[in-house]
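**Q** Letter by letter, the chains look like this.
Protein chains: 2
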Amino acid sequence: MVIDVLRATTTISWALKNGADSIQVFADLELLKESANKWHADERLLLGERGGKKIEGFDLGNSPLSVTNEVVNGKRLFMSTTNGTKSLQKVQHVKHLFAMGLPNRRAVAEKIISLKAENILILGSGWEGSYSLEDSLAAGALASYLETNCDFEVKIINDELQAALALWNFWKNDILKCLKTATHGKRLTSIGDYEEDFKCCSELDCLDIVPAQVERGVIRAS
Amino acid sequence: MVIDVLRATTTISWALKNGADSIQVFADLELLKESANKWHADERLLLGERGGKKIEGFDLGNSPLSVTNEVVNGKRLFMSTTNGTKSLQKVQHVKHLFAMGLPNRRAVAEKIISLKAENILILGSGWEGSYSLEDSLAAGALASYLETNCDFEVKIINDELQAALALWNFWKNDILKCLKTATHGKRLTSIGDYEEDFKCCSELDCLDIVPAQVERGVIRAS
Chain R
3 MVIDVLRATT TISWALKNGA DSIQVFADLE LLKESANKWH ADERLLLGER GGKKIEGFDL
63 GNSPLSVTNE VVNGKRLFMS TTNGTKSLQK VQHVKHLFAM GLPNRRAVAE KIISLKAENI
123 LILGSGWEGS YSLEDSLAAG ALASYLETNC DFEVKIINDE LQAALALWNF WKNDILKCLK
183 TATHGKRLTS IGDYEEDFKC CSELDCLDIV PAQVERGVIR AS
Chain F
3 MVIDVLRATT TISWALKNGA DSIQVFADLE LLKESANKWH ADERLLLGER GGKKIEGFDL
63 GNSPLSVTNE VVNGKRLFMS TTNGTKSLQK VQHVKHLFAM GLPNRRAVAE KIISLKAENI
123 LILGSGWEGS YSLEDSLAAG ALASYLETNC DFEVKIINDE LQAALALWNF WKNDILKCLK
183 TATHGKRLTS IGDYEEDFKC CSELDCLDIV PAQVERGVIR AS
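For the protein sequence lines, the chains are R and F, in the order given. For the first sequence, the positions run 3 to 224 when the working numbering is used. For the second sequence, the positions run 3 to 224 when the working numbering is used.
Quick caveat, the hints were computed from the structure, so don't treat them as lab data. Check the hints yourself; a few may be wrong.
Claimed, not checked - Below, simulated DSS-like cross-link-like pairs (lysine-lysine); rule was C-alpha separation at most 30 Å, straight line: (1) K35/F x K174/R; (2) K188/R x K174/F; (3) K55/R x K118/F; (4) K118/F x K188/R.
Stated by the list, open to error - Restraint-style ranges between C-beta atoms, simulated for each label pair: (5) G194/R x H95/F: 37 to 43 Å; (6) F154/R x K55/F: 50 to 56 Å; (7) K174/F x A119/R: 55 to 61 Å; (8) N39/R x N121/F: 33 to 39 Å; (9) G194/R x T150/F: 53 to 59 Å; (10) K92/F x E32/R: 52 to 58 Å; (11) S116/R x K55/F: 42 to 48 Å; (12) S132/R x V156/F: 18 to 24 Å; (13) K97/F x F154/R: 50 to 56 Å; (14) N121/F x E198/R: 31 to 37 Å; (15) K97/F x S192/R: 27 to 33 Å; (16) K92/F x N160/R: 35 to 41 Å.
Only a predicted model underlies this, so the values are computations on that prediction, with no experimental measurement involved. Where is the CB? At the ideal position from N, CA and C, for every residue including glycine.
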């Protein structure tokens, strides 16, 4: 499970909801361009972000609002972001790999329950290798849902997830405020007007989309 | 500020409360023995713990219950523990270095307020380099006290401490349970009866002791 609440996994979920064919994730930009060039020009989009901002020459930045049906329908998105796509690449060898934001928390949790997964690794993307409040919040949100809705026992086996659960219980009634309190939220606020992005990324359980890796680096709705 | 709730900084605080002259902390055991040997035999005690258990040949293990007035009064404690004393050594170059557990949270916070410190680094000792729930809880307890009681503005500048604050707000009415839920608490429970240690380590604001480094590696009540 890879989480990047602000904003990669939220963008991925919305893109799939809005009819994108698939999303191929890259840490490396040269590799991204190379792969995209092999694709039909009218069936591809380049989506890239560094430091919160769109990469020059790319079609789209990393905003869930930009991946509307008109824009993404039927297309493959070649995507690279500061943190989220790096995380997705780092764990691409696992058996089942999902991407989750807050909007599709329930959908992903139900998928996990249906798989009767024995071990779940939750990877918060954070910011350039460090801890982030909003990804931990979402990890807690997922754990909380599983604890309540599984008919088998759920064991929280490390202190990080125990803390994430507490974080969720503390902030769950004001998710938007939590996202804006987080350092990454403050960073976004300082570089532009991201009000609608914040709202979109904080909306819980509104999307029935489970983004799953179908081949290495390629994500589809499952 | 170094925190090791279970149990080094709690033990240090209680030892000073009970009349210990000073505590000298060591990461390295050979160095500890060398230094202790230069001290008067009847004015020294060796206190050591690895993996929760007393080190063989040492006078005391790392329990706040063992450092009674009868045992420690007037003595220097030569101390090494799995995590807490390592943390104290790691940051021994800072201008003001304090050790805090939950029992002396208020005392240490008041000291910080009186110093009008501009930057406070809170170091949770954790477990062998990894995150721990109980030390984060105490970091949150300290931040919470400072936010409420400072007459100058307190800025929480990273997500780790924001999360610690949420952790504190979630668990503050059942600190004992939090300590037992933590992986280190479970580890202690699995190796012996630490019920009284848990109670002692979870008692908030009962000690007016501020353990401060007075020379490199040497801690006295201030």
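**Q** Run every hint past the structure and note whether it holds.
**A** Hints and how they fare:
1. K35/F x K174/R: violated, 51 Å
2. K188/R x K174/F: Holds. K188/R to K174/F sits at ~27 Å (cutoff 30 Å).
3. K55/R x K118/F: violated, 38 Å
4. K118/F x K188/R: holds, 26 Å
5. G194/R x H95/F: 37 to 43 Å: Check passed, 40 Å falls within 37 to 43 Å.
6. F154/R x K55/F: 50 to 56 Å: Violated, since F154/R and K55/F (Cβ atoms, about 35 Å apart) do not stay within the stated range.
7. K174/F x A119/R: 55 to 61 Å: violated, 33 Å
8. N39/R x N121/F: 33 to 39 Å: violated, 49 Å
9. G194/R x T150/F: 53 to 59 Å: This hint is violated: roughly 34 Å between Cβ atoms.
10. K92/F x E32/R: 52 to 58 Å: violated, 40 Å
11. S116/R x K55/F: 42 to 48 Å: At 44 Å between Cβs, range holds.
12. S132/R x V156/F: 18 to 24 Å: holds, 22 Å
13. K97/F x F154/R: 50 to 56 Å: Holds - the Cβ-Cβ distance for K97/F and F154/R, about 53 Å, lies within 50 to 56 Å.
14. N121/F x E198/R: 31 to 37 Å: holds, 36 Å
15. K97/F x S192/R: 27 to 33 Å: holds, 31 Å
16. K92/F x N160/R: 35 to 41 Å: violated, 23 Å
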